[in-house]
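Participant: Convert by adding 241 to the 1-based position in the sequence shown; the result is the number in this note's numbering.
Derived from the structure by calculation, the hints contain no laboratory data. Keep in mind the model is a prediction, meaning the values are calculated, not measured. For each residue, glycine too, the CB sits at the ideal point set by N, CA and C. Take the hints with a grain of salt, since some may be wrong.
[Claimed, not checked] Taking CB as the label site, the calculated pair distances span:
hint, residue 1, residue 2, range
1, G386, G421, 23 to 31 Å
2, G421, V525, 15 to 23 Å
3, G386, E547, 40 to 48 Å
4, G421, Q311, 32 to 40 Å
5, A529, M296, 22 to 30 Å
6, E547, R429, 53 to 61 Å
7, R396, H419, 25 to 33 Å
[Claimed, not checked] With a Cα cut of at most 30 Å, we get these calculated DSS-like pairs of lysine-lysine:
hint, residue 1, residue 2
8, K552, K562
9, K307, K437
10, K580, K295
11, K437, K493
12, K307, K457
13, K305, K400
14, K307, K334
15, K446, K307
16, K437, K544
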Amino acid sequence: MQMREKADPSLALRMTNPGILRITTQSQAGEETPDRWREISIIELNESQKGQNKMATAAEKRAKLKQMVQQQVCHIAPSCSDGIQARLVEWLKFPLVHISGSGQHRSLGFADAGMLTLTEMVNKAREICDAVDIPVVSDAETGYGNPVNTVRTMREMEKAGVAAVHIEDQLTPKRAGHEGFDVSLISREEFVAKIKAACDTRQDKNLVIIARSEAKDSLQERVERVALCCEAGADAVWVSARTEEEIRAFAKIGKPMCGVPPRGLMPISRYGELGGRIGCIPTVLQVAALHGMRMALEELRDKGTEAGYFKSTPGIEDTRKWYANLGNDELKALEAKYKY
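With the hints as constraints, model all of the structure from the sequences given.
Facilitator: Here you go:
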């Protein structure tokens, strides 16, 4: 299935360097494209993502991600709630998938307040990892407890197939500080112990461990905490920052930086120039999908048919065809291979 050449906005691919694709967006006439979507760089997909009937292994995906975070470019990781969203992200040639703890809470109708268990998160991670050939970066929340709990968290996340996890320093159960809730932090010593436990537990050394601090009232405290975690073995730092000055403070640690690029404040290409290597984009898919569902349901409720919604939505036929064909190519290949 090929992407439409024109979308809203469209994604235009062109080769810039060996193994690197660059995406630029093209708005429809008279429309302005948000700065952060004007230039996105991604890794060229491997052969298993080009239609061959061969799934990449967890080890292969981790090795790919470990390579990606060393490159001088920011790789986009849209946050997904389930396997079909992850398949869509892969179909549109993004290089990574992100699993957001907040998104998983919302998908079950909960506030982002530590309501999900480790088992629920691991099951979702396994579902998403099994659905795609691209690396998956997963939220591991607080490690789901103390350093000893973090040992089991890492074992389960690694078995699920994730390529990276980010672990934060909130007290369990956590709260969403970015939504205005008060957060309580564990000590620096316990945070470092959690990261050390995670690093010691992983069997595949290519599994990237990202240290994330939620000390929202002090940039210096956030930076110092994740720097200590890097000394304990963390491979990368989560950048909790809104300005270039704050991002530069994290960059001084000298480790690959991951996080949510400051939305509306700088293009992702600039985030990459400052040292961002993984740009996680939460909520976009869920909100966009929910809005589409709302529009279709309102049409069905008010007019007794949803046909008008599908006729009036640009590009939806491509999505319908992709959805209808999802998994069919693999099914046909397997049936042909094991015909009896």
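Participant: Evaluate each hint against the coordinates.
Facilitator: Hints and how they fare:
Evaluation of the 23 to 31 Å hint for G386 and G421 yields a pass: the beta carbon distance comes to about 25 Å. Restraint check, G421 to V525: a C-beta distance of roughly 21 Å satisfies the suggested window 15 to 23 Å. Remark: the range hint 40 to 48 Å for G386 to E547 is upheld by a beta-carbon distance near 45 Å. The hinted range of 32 to 40 Å is satisfied by G421 and Q311, whose Cβ atoms lie roughly 36 Å apart.
Hint check: A529 to M296, Cβ distance near 28 Å, so the stated range 22 to 30 Å holds. Range check, E547 to R429: Cβ separation about 54 Å, and the 53 to 61 Å hint holds. Separated by about 29 Å at the C-beta atoms, R396 and H419 satisfy the suggested range of 25 to 33 Å. Restraint check: the Cα-Cα separation between K552 and K562 comes to about 14 Å, which is no more than 30 Å; the hinted pair holds.
Restraint check for K307 and K437: satisfied, since their Cα atoms lie roughly 19 Å apart, inside the 30 Å limit. Only pairs whose Cα atoms come within 30 Å are accepted, and K580 paired with K295 is accepted, the gap being roughly 18 Å. Between K437 and K493, the direct Cα distance comes to roughly 21 Å. Compliance with the 30 Å bound is thereby established for this hinted pair. Proposed proximity of K307 and K457 is supported: the alpha carbons are some 28 Å apart, at most 30 Å.
A hinted pair counts as satisfied when its Cα atoms are at most 30 Å apart, and K305 with K400 qualifies at roughly 17 Å. Of the pairs offered as hints, the one joining K307 and K334 holds, with about 19 Å between alpha carbons and a cut-off of 30 Å not exceeded. For the hint pairing K446 with K307, the CA-to-CA distance comes to about 9 Å; that is within 30 Å, so the pair holds. Pair hint K437 plus K544 does not hold up; C-alpha atoms about 59 Å apart against a cutoff of 30 Å.
Of the hints listed earlier, the one the structure fails to meet is number 16.
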